[in-house]
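Q: In the order they appear, the protein sequences are chains V and W. At position 212 of the first sequence (counting the first as 1) the number is 212 in our numbering, and the numbers step up by one without a gap. At position 92 of the second sequence (counting the first as 1) the number is 92 in our numbering, and the numbers step up by one without a gap.
Among the clues, some could well be false.
Taking lysine to any residue and the SDA-like style, the derived pairs with C-alpha atoms no more than 20 angstroms apart in a straight line are [claimed, not checked]: (1) V:Lys41 - W:Gly79; (2) W:Lys58 - V:Leu69; (3) V:Lys20 - W:Val216; (4) W:Lys224 - W:Gly14; (5) V:Lys9 - W:Asn15; (6) V:Lys41 - V:Phe30; (7) V:Lys9 - W:Glu18; (8) W:Lys109 - W:Pro226; (9) V:Lys52 - V:Arg224; (10) V:Lys9 - W:Thr17; (11) W:Lys62 - W:Gly79; (12) W:Lys69 - V:Pro176; (13) V:Lys11 - W:Thr17; (14) V:Lys20 - W:Asn214; (15) V:Lys74 - W:His183; (16) W:Lys62 - V:Glu127; (17) V:Lys74 - W:Ile59; (18) W:Lys168 - V:Lys20; (19) W:Lys62 - V:Ser73; (20) V:Lys52 - W:Gln171; (21) V:Lys41 - W:Glu18; (22) V:Lys11 - W:Phe215; (23) W:Lys58 - V:Val126; (24) V:Lys11 - W:Ala51; (25) W:Lys134 - W:His147; (26) W:Lys168 - V:Pro176; (27) W:Lys58 - V:Ser73.
If you only want the chain V side, here are some residues facing chain W, beta carbon under 8 angstroms, derived [as the list claims (entries may be wrong)]: (28) Ala61; (29) Thr63; (30) Asn220; (31) Arg224.
Hints in this document: simulated from the structure, not taken from any laboratory. Quick caveat, the model's predicted, so the values are computed rather than measured. Think of the CB as a built atom: it goes at the ideal place given N, C-alpha and C, for glycine as much as any other residue.
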Amino acid sequence: MTTRIEKNKFKSTSRRELLKLTPVIALGAFAIPSLQQPLLKAGLGFSDWASKVLFRYGHSATTFLDRELTPFSKFPINDYDVDDPGVDFDRWTLTVAGAVQKPGDYTLTQIQALPRFRQNTRHVCVEGWDVIGRFGGARLSDFLRIIGADLTARYVYVECADDYYESLDMATALHPQTLLCYEMYDQPLTREHGAPLRLSIPTKIGYKQAKYLTDLNVTNVLQRVGYWEDQGYSSFYGL
Amino acid sequence: MATHAIAIEDTKSGNVTEAVYEHPFVIRLCHWVNAVSLFIMAGSGLQIFRAFPSFGAKIPQKDLLNWPKSLAIGGWLGGALQWHLTFMWIYIATGLVYLGYQVFSGNYKQVLFVPRDISGVWPMIRHYFFFGPKPPVREAYNPLQKHAYTSVIVLAVLSVATGFAVWKPIQFSWLAWMMGGFHYARLWHFVIMWAMLAFVFGHLVMVVLHGWNNFVSMLTGWKKDPEYIAK
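Let the sequences and hints guide you as you build the complete structure.
A: See below:
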């Protein structure tokens, strides 16, 4: 019952089968310098899009027991520049602008007047390490409401005393676990950890959790995404 | 499988060679795309690992190994993440096409390790590693090969599952939980990579040992004179 085939015919059949694999060569585009960056940017963009789709507003980050906390002394201090940018606490305000009804300077007392939430959550660094810390502060969503922010705007953008800057998608900004954090381990934030005010966002990677906040902007357009994002890191990086 | 055998006739010499179409086009395509993605995923993964080459605490940090930058892809953490987060989709898509094709075409029967293969594993190991007699070859894949190819598919699925647990430990908290938490998910992801690289090493050794005709079958699909066809 065996099919018989002439040798040359078999050779051309084999060649045709081999040529069918030519689409694999398309992957070689990643080796072409001028195409590599656009392709990787598109790939990262697709991952960010998928991250946005996978983010669930109603899903909370795991919280931990007090005995599971990483000791405060072993909570890493990560900066891009200096541990202490020398914020003058007496004159410090959070300057609010953008798509808000009540722009202007807000004091720490005004922020601390909002309901305080304390949570033990995992802080995951893009480098791969993770620690469990205790963070306390006001919900960013509560603050956005008192400043009359347009909650349909796309982003919340922040700037810091050390020239660091970051942005958050509105869905994450409104997440109940996203805090304007002024406490760690039930103590006022230390300078190294971002005093007087930092972000604590358990649903995001570490570099999103900007320290030493000075400015907050509600906006639909970002001139810059974030210090690390603008160097090639993921823009969304939700956990 | 022998039902697909054809006879190649050399009209000049009158010689007849048999050949079998062992690897369908989709499988070959997936194989080569996956070879590239696996290389990129491991290389960029090792560069990501270089940013924190440990599975312990950050303070104090004890490095597990200092992987050389020259054997990694991406140049820096951000670059490696771009490669990793791009090729993971290619890797996943290839895997889904492969599994889908194997299941719906029935081609999986050629390679899936099933209980009746168990008894044939030890004779093959004895043959390969301890100079034992060569067991008769009846199928395209011997029981040990089926075991290897089936295991590596399981590993591939686990590499994706652990990867998602590391990438999205909150949205896929159940996955991270199954692996013992984020910390362990990262460790498993790393261990599985080495298991897959060990497979690749063994696979390449066997490819070299089995020669050109066997290698070509993954390019054209056709294998000439396979051992399992009775003469």
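Q: Now tell me if each hint is right for this structure.
A: So, going through the hints one by one against the coordinates:
no.: 1; hint: V:Lys41 - W:Gly79; verdict: 10 angstroms, holds
no.: 2; hint: W:Lys58 - V:Leu69; verdict: 14 angstroms, holds
no.: 3; hint: V:Lys20 - W:Val216; verdict: 14 angstroms, holds
no.: 4; hint: W:Lys224 - W:Gly14; verdict: 16 angstroms, holds
no.: 5; hint: V:Lys9 - W:Asn15; verdict: 15 angstroms, holds
no.: 6; hint: V:Lys41 - V:Phe30; verdict: 11 angstroms, holds
no.: 7; hint: V:Lys9 - W:Glu18; verdict: 14 angstroms, holds
no.: 8; hint: W:Lys109 - W:Pro226; verdict: 18 angstroms, holds
no.: 9; hint: V:Lys52 - V:Arg224; verdict: 19 angstroms, holds
no.: 10; hint: V:Lys9 - W:Thr17; verdict: 13 angstroms, holds
no.: 11; hint: W:Lys62 - W:Gly79; verdict: 24 angstroms, violated
no.: 12; hint: W:Lys69 - V:Pro176; verdict: 41 angstroms, violated
no.: 13; hint: V:Lys11 - W:Thr17; verdict: 13 angstroms, holds
no.: 14; hint: V:Lys20 - W:Asn214; verdict: 19 angstroms, holds
no.: 15; hint: V:Lys74 - W:His183; verdict: 16 angstroms, holds
no.: 16; hint: W:Lys62 - V:Glu127; verdict: 14 angstroms, holds
no.: 17; hint: V:Lys74 - W:Ile59; verdict: 5 angstroms, holds
no.: 18; hint: W:Lys168 - V:Lys20; verdict: 37 angstroms, violated
no.: 19; hint: W:Lys62 - V:Ser73; verdict: 17 angstroms, holds
no.: 20; hint: V:Lys52 - W:Gln171; verdict: 11 angstroms, holds
no.: 21; hint: V:Lys41 - W:Glu18; verdict: 49 angstroms, violated
no.: 22; hint: V:Lys11 - W:Phe215; verdict: 16 angstroms, holds
no.: 23; hint: W:Lys58 - V:Val126; verdict: 13 angstroms, holds
no.: 24; hint: V:Lys11 - W:Ala51; verdict: 50 angstroms, violated
no.: 25; hint: W:Lys134 - W:His147; verdict: 17 angstroms, holds
no.: 26; hint: W:Lys168 - V:Pro176; verdict: 18 angstroms, holds
no.: 27; hint: W:Lys58 - V:Ser73; verdict: 11 angstroms, holds
no.: 28; hint: Ala61; verdict: 5 angstroms, holds
no.: 29; hint: Thr63; verdict: 11 angstroms, violated
no.: 30; hint: Asn220; verdict: 25 angstroms, violated
no.: 31; hint: Arg224; verdict: 16 angstroms, violated
The structure fails hints 11, 12, 18, 21, 24, 29, 30 and 31 (numbered hints given earlier, in ascending order).
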